[in-house]
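K.L.:
Here is how the chains run, residue by residue.
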Amino acid sequence: MVESNKRSRWRPSPTGMVAGSLVVLGFLLSEIDWGFLAISAFGAFGPGILREMGILRDRDEFQLRASRRAGNHAYLVAGLMAFLLMAYMRSVEPGPVDPEPLVTAFLVVLWFTWLLSSLLAYWGPRKTASRLLLVFGSLWGLFAILSNVGPEYQGVLGFIMALVVMLPFFGLAYVARRWPRIAGAVLLLVSVYFFYFFGLYEIFTDPLAMGRPVVLVLFLGPLCASGIALLCMKIDDEEGAEADEAS
Amino acid sequence: MVYYTVVCMRESYEIRNHLRRHRLLTGEMTQQELADRVGVTRQTILSIEKRKYNPSVGLALRLAKVLGVPVEALFQLEEDEEDG
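Residue numbers (the numbering used here), protein chains in the order written: chain A, 1 to 247; chain B, 1 to 84.
Simulated from the structure, these hints should not be mistaken for laboratory data. Careful, some of the hints might be misleading.
As the list claims (entries may be wrong) - Distance ranges between label pairs, derived from CB positions:
| # | chain 1 | residue 1 | chain 2 | residue 2 | range |
| --- | --- | --- | --- | --- | --- |
| 1 | A | Arg-181 | B | Glu-14 | 42 to 50 Å |
| 2 | B | Glu-14 | A | Leu-50 | 30 to 38 Å |
| 3 | A | Gly-54 | B | Leu-77 | 27 to 35 Å |
| 4 | A | Pro-168 | B | Gln-76 | 42 to 50 Å |
| 5 | A | Ala-185 | B | Arg-51 | 21 to 29 Å |
| 6 | A | Arg-57 | B | Val-69 | 27 to 35 Å |
Glycine included, every Cβ here is placed at the ideal spot set by N, Cα and C.
I would like the entire structure built from these sequences, with the hints used as guidance.
P.N.:
Listed below in structure tokens is the structure:
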């Protein structure tokens, strides 16, 4: 029997757009005064708080379950990290004087764990990995293009370089949908490569090295976690999914 | 008692469902159409059909009502050796 599903493209929810705008606005205004960062906090956590209070009802039960399960994962990971960091700080002399990298790293781990876990629960490994790679590819491409405008303009070669940077991510996004095991293995290898490429191994000697935990979580985290999820997923679970997928 | 609480607690029950079959029997209704009629996302219907998610009693009853079948026709507890 042939299924005649309507094709319906994913589009961001109004809540998501408002929340995302608040997060971006807060970060932009923080250039003027760091106090404006509170706007980002309301954007990031406000919708969740309103949902738990029963004021905002824009999620169905499956979305809420994914979100709450992700919350539990974030609690476990961030809690473990807090204790490990406390153990580290108390054991070294003198202790770190600037708490900001620590707080930033903690917040990033908390948020990233929640986001990735809810995406994996909602979309499944294949679609999550594919979409993450598309986002990463686009961001790297944008970064390459922006660094080629103004005084750093390198001609057409600069834009070709942007494409070269984007292509591996887009290629892997395609492979993840078709051959998840291969994509998973490649993603893990890429993660190991970038771990050494960015000198992230220094984190073992100085866990509070400025910015390193953030790079580790935001860049390597999605690649590594997607790779593991793709390698561990049950292919049977997603058989026939392509036929049913409308997004 | 300790053995029971540590080893034997059931995290979830295996539920067999025939949602996809009944959806297609109802005029080849699409996942999106069914999702709209019960007030959930299409991804939720997809996850139930793929047995990645067991719906709440409320949603199960709503699905049964929309498809015009008893809820037992859609969802059944899988008999395991222990119970059998």
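K.L.:
Looking back at the numbered hints, which does the structure fail to meet, lowest number first?
P.N.:
Hint check: 1 fails alone, others pass.
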